[in-house]
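Enquirer: Please work from the sequences and hints to get the whole structure.
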Amino acid sequence: MDENNIIICRCEDLSLAELRDVIEDGYETIDEIKRVIRLGMGPCRGGTCLQLIDRVLAEYQGTGRDAIQQPTNRPPVEGMKLKEIAGGLDEI
Amino acid sequence: MKSKADAVIIGGGVIGLAIAYNLAKKGMDDIVVLEREYLGSGATGRCGAGIRQQWGTEMNCRLARKSMDIFENMNELLETKMDIELKQQGYLLLAFSDKEMEQFRKNLELQARENIPSREVTPEEAKEIVPHLNIDDVAGGTFCPTDGHANPFLVVKAYEDAARRLGVEINTFTEAIDITKEAGRITGVQTDKGFIATDKVVNAAGGYSCQIGEMVGLDLPVKPERHEILVTERVEPFQGPMVMSFSYNIYCQQTPGGPFLMGFGDPDEPASFNRKSSWHFLEEMARKTYKLLPPLGELRVVRQWAGLYNITPDRQPIITESKEVPGFYMAIGFSGHGFMIAPMTGILMAEMILGEDLSLDINLDLERFEKGDLILEPSVV
Numbered sequence: 000m001d002e003n004n005i006i007i008c009r010c011e012d013l014s015l016a017e018l019r020d021v022i023e024d025g026y027e028t029i030d031e032i033k034r035v036i037r038l039g040m041g042p043c044r045g046g047t048c049l050q051l052i053d054r055v056l057a058e059y060q061g062t063g064r065d066a067i068q069q070p071t072n073r074p075p076v077e078g079m080k081l082k083e084i085a086g087g088l089d090e091i
Numbered sequence: 000m001k002s003k004a005d006a007v008i009i010g011g012g013v014i015g016l017a018i019a020y021n022l023a024k025k026g027m028d029d030i031v032v033l034e035r036e037y038l039g040s041g042a043t044g045r046c047g048a049g050i051r052q053q054w055g056t057e058m059n060c061r062l063a064r065k066s067m068d069i070f071e072n073m074n075e076l077l078e079t080k081m082d083i084e085l086k087q088q089g090y091l092l093l094a095f096s097d098k099e100m101e102q103f104r105k106n107l108e109l110q111a112r113e114n115i116p117s118r119e120v121t122p123e124e125a126k127e128i129v130p131h132l133n134i135d136d137v138a139g140g141t142f143c144p145t146d147g148h149a150n151p152f153l154v155v156k157a158y159e160d161a162a163r164r165l166g167v168e169i170n171t172f173t174e175a176i177d178i179t180k181e182a183g184r185i186t187g188v189q190t191d192k193g194f195i196a197t198d199k200v201v202n203a204a205g206g207y208s209c210q211i212g213e214m215v216g217l218d219l220p221v222k223p224e225r226h227e228i229l230v231t232e233r234v235e236p237f238q239g240p241m242v243m244s245f246s247y248n249i250y251c252q253q254t255p256g257g258p259f260l261m262g263f264g265d266p267d268e269p270a271s272f273n274r275k276s277s278w279h280f281l282e283e284m285a286r287k288t289y290k291l292l293p294p295l296g297e298l299r300v301v302r303q304w305a306g307l308y309n310i311t312p313d314r315q316p317i318i319t320e321s322k323e324v325p326g327f328y329m330a331i332g333f334s335g336h337g338f339m340i341a342p343m344t345g346i347l348m349a350e351m352i353l354g355e356d357l358s359l360d361i362n363l364d365l366e367r368f369e370k371g372d373l374i375l376e377p378s379v380v
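Taken in order, these protein sequences are the chains called A and B. Residue numbers are given in numbering that gives the first Met the number 0: position 59 of the first sequence equals residue 58, and the series is strictly consecutive. Residue numbers are given in numbering that gives the first Met the number 0: position 31 of the second sequence equals residue 30, and the series is strictly consecutive.
Simulated from the structure, these hints should not be mistaken for laboratory data. It cannot be assumed that every hint is accurate.
[Said to hold, decoys possible] Examples of chain B residues toward chain A, derived with CB under 7 Å:
1) Tyr37
2) Ser276
3) His279
4) Ala285
5) Arg286
6) Gly296
7) Leu298
8) Arg302
9) Trp304
[What the hints assert, rightly or not] Residues from chain B that face chain A, not an exhaustive set, calculated with beta carbons under 7 Å:
10) Gln88
11) Ser96
12) Lys98
13) Tyr289
14) Leu295
15) Val301
16) Ile310
17) Glu366
18) Phe368
Small disclaimer: the values here were computed from a predicted structure and weren't measured. We put the CB at the ideal spot given by N, CA and C, even for glycine.
Expert: Structure (structure tokens):
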């Protein structure tokens, strides 16, 4: 199958071909790849793509998936509306 | 890794890379950049991505104005592979008291002298510029239409690629452990991957610059301070300018891709290397935003993070060579606005290192702190 049609990150609409391009550019960590093509930075917070990128990177580097350094897991765990966090205007 | 270099730059953020690029462009041959993690992993990649020229001191106005010229032409100048996502839809600075408005008017005079196209706006005019703004307590403001945003990750990449093309050696995941001296002069940098002999070292280590200073025996007047940011889900563009206030303490901008970036500076934040995000920030940020920009309450927070400001006593950077340790250069203490003045910093530091005349009249040395006649930058969040 054409790797341009295999979507790795649905939020940012990134294909496997685009991911391979940045890996071939020399980027070796998920943290770097995230920042260059925004993989994993959409509203699902990397729910799918961060698992897939592990495998692609491990293949390239000839290591196991366990050897791939994971990016920082940042709060909140799930998207919350600002007004829900604010809890109404009374307290302001 | 090279064992000998004409200059070693410690710090692979936008400042270090801009210096490396400009040095190489001016013809220096062996330049090495050391970065402990990946490029942009420190303050650059954690910053609010804003670029503004509306400052309250001459030095900051000059650096910002000239840097904006470079951002406007950066794609061509650096032959970028990826567009740096420059967006110039202005910064709207809000005053919440007449006293603050007086300060703003002084700043406007200063900015006019530096050819910065900023102007005063009434609360009603502010609302015309940002229709969803709650102007209940707003006393007035200033607006500069050419201020805006650029993508810090892609600016880092642009400088990285351009520097590499000119032969700069960039070593990521390589830590500077010590700087060696002989008879008061620098002789090299010890890294965790080997020794590099050099007589010129540039401290561009951002929040960690005081640690690099210690390596040559200098107690630098800078302190690291955590600042936090959050980003929302992406939505259709509906806010052109960055909305910012120093007294209400907020900045909030919609980035070209659609998400909103926002932050504020906690006045009680202690000096530390803490880069962890906090629940307190999230709550306070949500309250501030929901009150000032009510429709943003509907947006979901996707992520929050923190980074380090490197703060000087006058909130202006230190761009100089050490008088005590010749060959030790510093581009530090940017106090939260290093990204936006990085392009000019890179040029000026390269000129300084090569002994050329400076293309901009600046005086940002260390001695100003000893004399004590500081001009305090009033416009920092």
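Enquirer: Take the hints in turn and mark each one as holding or not.
Expert: Against the structure, the hints:
no., hint, in the structure
1, Tyr37, "holds, 5 Å"
2, Ser276, "holds, 6 Å"
3, His279, "violated, 12 Å"
4, Ala285, "holds, 4 Å"
5, Arg286, "holds, 5 Å"
6, Gly296, "holds, 3 Å"
7, Leu298, "holds, 6 Å"
8, Arg302, "holds, 5 Å"
9, Trp304, "holds, 5 Å"
10, Gln88, "violated, 21 Å"
11, Ser96, "violated, 18 Å"
12, Lys98, "violated, 22 Å"
13, Tyr289, "holds, 4 Å"
14, Leu295, "holds, 6 Å"
15, Val301, "holds, 6 Å"
16, Ile310, "violated, 24 Å"
17, Glu366, "violated, 38 Å"
18, Phe368, "violated, 35 Å"
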